[in-house]
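Asker: What follows is the residue order along each chain.
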Amino acid sequence: MSAQAAAFAAGAHAGSRGLWMLAWLRFCRDRVGLVSLIVVAAYFAVVAASGMGWIADEWSKEVGVSYAPPGAMGPDASSAAPAGAAPQARAEVAQDDSGIADPIAGEIAEIRKGLAGISPSETRAATLPFGGDKWGRDVLQKAVKGTQTSVLVGLAAALLAAFLGTLFGAQAGYHGGWVDDFFNWFYSVFTSIPYLLLILAIAAVLNQKGTGTVILILGLTGWTGIFRLVRAEYMKHKVREYVRAADVIGASDARRMFAHILPNVSHVVLVQLSLHVVLFIKSEVVLSFLGFGVGVDTVSWGSMLNEAQNELILGKWWQLAAATAAMAVLVTAFSLLTDALRDALDPRIK
Amino acid sequence: MTSSGESTVLLAVRDLAIDFRIDRKTTLTAVRGVSFDIPCRGTVALVGESGSGKSATALAILGLLPEETATVRPGSRIFYADRNLLEITPRELRALRGTGISMVFQEPMSSLNPVFSVGFQLGEVLTKRLRVPARRARARAIELLREVGIPQPESRIGAYPYELSGGQQQRVMIAMAIACEPKLLIADEPTTGLDTTVQKQILELIAGLQRRRQMSMLFITHDLALVAEIADHVVVMRDGEIREQGTVRQIFETPRDPYTRALLACRPPLARRPRRLPVIDDFPRRPPAGVLDVPERSRGLLGNEEIVLEVRHLAKSFRLRDGLFRKREFKAVKDASFKLARGKTLGLVGESGSGKTTLGLLLVRLHKASSGEALFEGKDLLSMPPKTAMNYKRRIQIVFQNPYASLNPRFTVGQILIEPMKIHAIGAGDQERRVLACDLLEKVGLPQASFGRYPHEFSGGQRQRIAIARCLTMKPEVLICDESVSALDVSVQAQLLNLLQDLQDEYRMSYIFISHDLCVVRYMADEVAVMCEGEIVEAGDSDEIYSNPRHPYTKTLLSSIPRAWRS
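Quick note, the sequences are listed as chains A and B, same order.
Each residue of the first sequence is one higher than the last, beginning at 1 in my numbering.
Each residue of the second sequence is one higher than the last, beginning at 1001 in my numbering.
These are calculated hints, taken from the structure and not from any lab test.
Worth double-checking, as some hints may not be accurate.
As the list claims (entries may be wrong) - In silico SDA-like links for lysine to any residue, alpha-carbon gap of 20 angstroms or less: (1) Lys-1387(B) / Ala-325(A); (2) Lys-236(A) / Arg-1410(B); (3) Lys-134(A) / Ser-1111(B); (4) Lys-238(A) / Lys-1475(B); (5) Lys-1025(B) / Ser-252(A); (6) Lys-1475(B) / Gly-250(A); (7) Lys-1387(B) / Gly-250(A); (8) Lys-1368(B) / Phe-27(A); (9) Lys-1025(B) / Arg-29(A); (10) Lys-1368(B) / Arg-29(A).
Stated by the list, open to error - Far from chain B, some chain A residues (derived; all Cβ distances over 12 angstroms): (11) Trp-20; (12) Leu-22; (13) Ile-100; (14) Ala-109; (15) Lys-209; (16) Tyr-242; (17) Asp-247; (18) Pro-263; (19) Ser-266; (20) Val-296; (21) Thr-298; (22) Gly-315; (23) Ala-328.
Heads up, the beta-carbon is just placed ideally off N, CA and C, and yes, glycines get one too.
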């Protein structure tokens, strides 16, 4: 009997559907959710490939003429002249500065090309598939690289915020009493400061630009919403009978908090995580646009939009279009995914 | 049926069949071809356990089934005043609700709107429905509240639902239901969740109203014992089908269907104490004589039993904030003392709010006691530091009331059973623990295949078995059953009571059996303690207390037990 029982126990785990499995089955029935999952997965694949250096590795290479138009539009009439790109670029720069010619612009362009290993005489493409920017860099490659930066920032910051929010929320909600008072006080102080002011203050304290800084800024300011929800969930769950039963069998506080309650509130955290990825991607764009974002050596959707301000006056719309399209598709897909996740994870089976 | 002619039938249900859509592929047939009549001025009781389709039938009569999921199959008919209620327009149906047919629901707390006073809600029915002018509506509302037995209706009319007790809320719901003088009142489990004494009052109220106002009534309940007092005609349902219908006398004296016989037999009787309660499976088609004539079990203490747990002057008070700075002390348990003998059962009875659950939670240290001690092997369990208490934790365990809440939904049954063994280092390794867990599953009557399954795949009774198995992993000496069988259907309840009894016989565990159900306590307990407002008002041998109650509160409690049937 016992041997049989043991043999049974070993194989018993298969064939039974847990709540996660049921949630996944529910999710699969949601067509919109599934499509948005595929879109988001495609983005992540691009990010991974770009991170590994398989694609868009040479985004900073100046491969086309300055402001090379998208392929479908055909080459720009003025830049199609055989004289090449360099004088043209100089002329554009001159125009930028309200007619005052930059005396060393030509030389700088020469030096840059020399550093990049391209001789000034080398021919550049007159058109690029999605157009080029001021320096003749491929906008498509920039957008891919920008996606990598923005998605990484959004994801990492959301993970940080979710971690902090869950940790604080769990402590506050589970322990109650003065621990709860302390975290609530901390939360109130944090949320009483206007959001942008808080971001700028932390940016000023960290005092360095870069991807890591942006992640820290967003993560350290963004945990409050998750904290509030997780705390409420913990307050609700800690008096549930299954947690009390765990107490009676002798499970420690930490075990009850993280082995018993956390899996039962993780759907809330997961939905919030996904919501915050969207929020932080947008916030990164705002930060970079304001100049508090990623450094000059990196490209993100925010920095692309920042450059696009000046270009738009010149009628060069493609960089704006590329960054906006990339962002809009991801943000929409991610939001729809969040909705579908919430529907699927809502634990109606209790 | 009971009525002599067709003219006296108020409502006739014919071949009613209802499907519920669960998801895209699965549909559940909740009601399969049900037919019965409700005579004028008569009371029909619809009896069945959960999932029998009794509530769906009632909702179909009023056209209240959820449209998104429920479909009434074509061919179903419900005749009322020569019209088929399933075919009339929504507008006609609305006109019928309240004035023709009205309903009292199960939970008065969620049926009343918490942000409006009861007078407003009652007045709304009168002014909107009956077009009573606003100035007369108040007087009429007070009259109605008086009729349903709300004390001082002039002052209570301004009260909000939370200011009323559960029984009073249900009275207000009944007042709203009868405000438009309906011809048929549907009462869907109107007393479930109320204390027995309140239940008795509400039943008397409903029966009185039905007679005075000459209404017909459809009384829906899971409790066959209630039916005898109130109904003329009984319809027994199971799994969406009518198993048997007839007059009350027929049903109670000569039940034909094995299921009805089982339902009548599996409630613990007050007069006898069979060694084992009959369960549904004992009633195939053969005469159940052998099942009912099992030897009786004698209860009570001899006086020389070993005492496992001695509770002395246990008290618990909660401090509630009252006003800005003041605090009010609420005494949940006052000066409770008792002794628990090894292998015996102490029944703890009382109504909601009497402190019996708090007492149970105090003993397993889920609440901190304000004063008093609980001696286990001469050591006070309550004042121990947490570290020392860990050694005693496994020896005193609790099974909670709600089987749907007491198991972690994200754990498999195997994980649920192995966790306590890991914590208390029972069993030499995972393999041995698995074997132990599988053996225990078998012991509580579950297949070993349950090991890898999740709680949501089990019914309420099965989940309660899992909860019991979780306690058994630690081989406790004291097991507190806090209303552990109250949420279950009577047939499942009988199985669980038999299981608990078998386990006690095998392991010589001592039980503290907390329940509001006096029949169940009488069946299980050797000794009984009656609690009222935090105090143990009477304690002693269970037979002695039930046959010869001394405290007036015990007498009230005992007199409110629904008497099943007296011929």
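Asker: Taking 20 angstroms as the top limit, are the C-alpha atoms of Lys-1475(B) and Gly-250(A) close enough?
Answerer: Satisfied, since the Cα-Cα distance of roughly 14 angstroms is no more than 20 angstroms.
Asker: Does the claim that Gly-315(A) lies off the interface hold, with its Cβ farther than 12 angstroms from every Cβ of chain B?
Answerer: holds (52 angstroms)
Asker: Report holds if the minimum CB distance from Ala-328(A) to chain B is greater than 12 angstroms, and violated otherwise.
Answerer: holds (32 angstroms)
Asker: Non-interface claim for Ile-100(A): all C-beta distances to chain B beyond 12 angstroms?
Answerer: holds (69 angstroms)
Asker: Does Val-296(A) sit more than 12 angstroms from chain B, CB to CB?
Answerer: holds (47 angstroms)
Asker: Would the hint linking Lys-1025(B) and Arg-29(A) be met if the CA-CA limit is 20 angstroms?
Answerer: holds (12 angstroms)
Asker: Beyond 12 angstroms from every chain B Cβ: check whether that's true for Lys-209(A).
Answerer: At roughly 43 angstroms from the nearest Cβ of chain B, Lys-209(A) sits farther out than 12 angstroms, so the non-interface label holds.
Asker: Say whether it holds or is violated: Ser-266(A) keeps its Cβ farther than 12 angstroms from all Cβ of chain B.
Answerer: violated (8 angstroms)
Asker: Would you say Tyr-242(A) is clear of chain B, with no C-beta pair closer than or equal to 12 angstroms?
Answerer: violated (5 angstroms)
Asker: Are all beta-carbon distances from Trp-20(A) to chain B longer than 12 angstroms?
Answerer: The assertion about Trp-20(A) is violated, with a minimum of 8 angstroms to chain B.
Asker: Does Lys-238(A) pair with Lys-1475(B) here, judged by a C-alpha cut-off of 20 angstroms?
Answerer: violated (26 angstroms)
Asker: Given the proposed pairing of Lys-1025(B) with Ser-252(A), does the C-alpha separation stay at or below 20 angstroms?
Answerer: Violated: Lys-1025(B) and Ser-252(A) sit about 43 angstroms apart, past 20 angstroms.
Violated hints, listed in ascending order, are 1, 3, 4, 5, 8, 10, 11, 12, 16, 17, 18, 19; each of the other numbered hints is respected by the structure.
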